[in-house]
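Asks: Quick mapping for you: the protein sequence lines, in order, are chains A and B. Residue numbering for the first sequence follows this note's numbering, beginning at 1 and increasing consecutively. Residue numbering for the second sequence follows this note's numbering, beginning at 1 and increasing consecutively.
Watch out, some of these pointers could steer you wrong.
[To be verified] Listed next, with one range per pair, are the computed distances between beta-carbon atoms:
hint : chain 1 : residue 1 : chain 2 : residue 2 : range
1    : A       : Gly102    : B       : Thr17     : 35 to 41 angstroms
2    : A       : Lys203    : B       : Ser24     : 52 to 58 angstroms
3    : B       : Ile185    : A       : Gly14     : 21 to 27 angstroms
4    : B       : Arg181    : A       : Asn38     : 40 to 46 angstroms
5    : A       : Gly102    : B       : Phe262    : 50 to 56 angstroms
6    : B       : Arg181    : A       : Lys203    : 27 to 33 angstroms
7    : A       : Asn38     : B       : Phe262    : 44 to 50 angstroms
8    : B       : Ala248    : A       : Gly102    : 50 to 56 angstroms
Derived from the structure by calculation, the hints contain no laboratory data. None of these values were measured; they are calculated from a predicted model. Note that beta-carbon positions come from the ideal geometry of N, C-alpha and C, so glycine has one too.
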Amino acid sequence: MAVLEIKNIAKSYGKIKALDGVSFDVPPGSVFGILGPNGSGKTTLLSIILDVLQSDEGSYTWFGQEPSHLHRKKIGSLLETPNVYHYLTAVQNLRITQSVSGRGSEEEIDEVLKKVNLYERRNSRFTTYSLGMKQRLAIAGALLGRPSVLVLDEPTNGLDPVGIAEIRELIKELATQGHTVIMASHLLDEVEKVCDHVAILKKGKLLTHGRVDDVLSDEECFLVCSEHIPALRSAMNQFPDVLRIVDTPDGIECYFHKSTTSPWRINDFCFEKGIVLSQLYTKKKRLEEKFFELTND
Amino acid sequence: MFKNILQTEWLKVKNYTAFWLLISVAAISYPGINAIVYFTYDDITKGKTQGGAIAKMILGNPFNFPETFHTTAYLSSFFTFIPAIVVIMLITNEYTFKTHRQNIIDGWQKNTFIWGKFVSVALVTFIVSLFFMLVAITLGILATKTYTLAGIFGQSKYILLFSLQVFYQLSIAFLIGLLIRKAFIAYGIFIFYSLIVENIMVAFFKLKAVKFGQDFGRLLPMEISDRMIPVPAFLGKFDEAGYKAANAAVNTHVLYTIILTFLIWFLSFTLFKKRDL
Numbered sequence: 001m002a003v004l005e006i007k008n009i010a011k012s013y014g015k016i017k018a019l020d021g022v023s024f025d026v027p028p029g030s031v032f033g034i035l036g037p038n039g040s041g042k043t044t045l046l047s048i049i050l051d052v053l054q055s056d057e058g059s060y061t062w063f064g065q066e067p068s069h070l071h072r073k074k075i076g077s078l079l080e081t082p083n084v085y086h087y088l089t090a091v092q093n094l095r096i097t098q099s100v101s102g103r104g105s106e107e108e109i110d111e112v113l114k115k116v117n118l119y120e121r122r123n124s125r126f127t128t129y130s131l132g133m134k135q136r137l138a139i140a141g142a143l144l145g146r147p148s149v150l151v152l153d154e155p156t157n158g159l160d161p162v163g164i165a166e167i168r169e170l171i172k173e174l175a176t177q178g179h180t181v182i183m184a185s186h187l188l189d190e191v192e193k194v195c196d197h198v199a200i201l202k203k204g205k206l207l208t209h210g211r212v213d214d215v216l217s218d219e220e221c222f223l224v225c226s227e228h229i230p231a232l233r234s235a236m237n238q239f240p241d242v243l244r245i246v247d248t249p250d251g252i253e254c255y256f257h258k259s260t261t262s263p264w265r266i267n268d269f270c271f272e273k274g275i276v277l278s279q280l281y282t283k284k285k286r287l288e289e290k291f292f293e294l295t296n297d
Numbered sequence: 001m002f003k004n005i006l007q008t009e010w011l012k013v014k015n016y017t018a019f020w021l022l023i024s025v026a027a028i029s030y031p032g033i034n035a036i037v038y039f040t041y042d043d044i045t046k047g048k049t050q051g052g053a054i055a056k057m058i059l060g061n062p063f064n065f066p067e068t069f070h071t072t073a074y075l076s077s078f079f080t081f082i083p084a085i086v087v088i089m090l091i092t093n094e095y096t097f098k099t100h101r102q103n104i105i106d107g108w109q110k111n112t113f114i115w116g117k118f119v120s121v122a123l124v125t126f127i128v129s130l131f132f133m134l135v136a137i138t139l140g141i142l143a144t145k146t147y148t149l150a151g152i153f154g155q156s157k158y159i160l161l162f163s164l165q166v167f168y169q170l171s172i173a174f175l176i177g178l179l180i181r182k183a184f185i186a187y188g189i190f191i192f193y194s195l196i197v198e199n200i201m202v203a204f205f206k207l208k209a210v211k212f213g214q215d216f217g218r219l220l221p222m223e224i225s226d227r228m229i230p231v232p233a234f235l236g237k238f239d240e241a242g243y244k245a246a247n248a249a250v251n252t253h254v255l256y257t258i259i260l261t262f263l264i265w266f267l268s269f270t271l272f273k274k275r276d277l
């Protein structure tokens, strides 16, 4: 059973379609990345599943049930900016989170503050915090009481590289403990490092979704290089099933449908054409490339 | 559920300096205005002049038990704008910090959130009414020479009327905050309307009462509840007929106020439920 099932959700702000018939499932125990450029509808989607916004069309279920506030109590969430009382300290704010959600205890408040490295400053007011510390408090709020599902909107916003790495490790750790993490981000590198599932949005439309490996590996890319590049390029153009060839400073990249060729066949083919290769390797496609490929018009 | 709501709202204000500062201002201004009138009256009537003696004879002491509840309620009602600022602050803060979203995200229903504010408004009303009672009783004790227990609480209905009036007017302040969202615009609208615009309109309708066939001013949002507490008896002596009419209309205005209070909260619950946060 999916933790979250989204069916055909649509939402408009006036004439602008923020979400246009988005559907996907989030499997239990997954780290699910929702990717998309700014304004693609990520936060709108998360706001809808957290009942802050109402969708115009479509529906969603949590844990296979009609969504209710009781589900939200079990979900640790961080939406857009740290939404906390500015005049209160970290501890006082977390007490409110605890009171509203019923998650956590006084000891667990200390525990999460230690986890996000805010323990030393736990009794300082929120207004005295740096951007990164504010974000850490919001993450602490989401983590309080070890909820089985976490919804994190741009969790690494405002964090320094060390902070980003810490959050990454934290998410990985949560995943190994069986928590489900749904995170929206435009930081592809982050998503690639921690997520096992991904959904890519653009202008409110779902472009693709599924396991990261599946989404990335619909094509294979081989980088080949030899002394005489033009000859190599014209030879590779004759290679059966080549989809396209791209020049790079390191040589040429040849794209194929998945499992339609292999390095030894390329090597063999070139050798027959009298070209000796100086380099040949399978290039793993990165999420970033896939993302640009999908989101570029 | 209400225990959780009360606890959460308490956590929100417990360590909020601005909240306690404004409550302190209310705590000072209620005794302040009443003490000024009390001591001014005392000064005039204590004088050995003939005028003073006549004034005392005609007016009586407005702070004697049980009239003190009426006089104090009337005078204190001019300062409801102070707790109103507190109420507007409590709701617009949630918008400013976007905690109205976070409360929902963390598992409250939208209704629970509005109940939270209802409880806060009730709590502020309770605090303010407590100040009022303390002032009324203290001045009553100071002013009254001889009194019986029955005589003390003869006018204690004004405790309820004052509380209802405060709760209603704070509910208006809350609705303005809920709709406007921006703290300073909401303060501006509430204070400008309640202290200036409505008073001008009340005076205008009073002037035109003959022309319009009746005094429509009494139906204005604040005035409708102000008329639950007519001018105190000592001021009523200047216009006996008007004083009697005002007293006769009190029950009608209590009814109007209760209906409007209900409507304000019904509107708040409905709006918040339907609106995107």
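Asks: Does each hint fit the structure? Answer for all of them.
Replies: Each hint, compared with the structure:
1. Gly102(A) to Thr17(B): 35 to 41 angstroms: At 28 angstroms between Cβs, range violated.
2. Lys203(A) to Ser24(B): 52 to 58 angstroms: Holds: the Cβ-Cβ distance is about 53 angstroms, inside 52 to 58 angstroms.
3. Ile185(B) to Gly14(A): 21 to 27 angstroms: Between Ile185(B) and Gly14(A), where Cβ atoms are some 23 angstroms apart, the hint holds.
4. Arg181(B) to Asn38(A): 40 to 46 angstroms: violated, 25 angstroms
5. Gly102(A) to Phe262(B): 50 to 56 angstroms: violated, 31 angstroms
6. Arg181(B) to Lys203(A): 27 to 33 angstroms: Since Arg181(B) and Lys203(A) have Cβ atoms about 29 angstroms apart, the given range 27 to 33 angstroms holds.
7. Asn38(A) to Phe262(B): 44 to 50 angstroms: holds, 45 angstroms
8. Ala248(B) to Gly102(A): 50 to 56 angstroms: Given a distance of about 52 angstroms, which is inside 50 to 56 angstroms, the answer is holds.
In the structure shown, a violation is registered for the earlier hints numbered 1, 4, 5, in ascending order.
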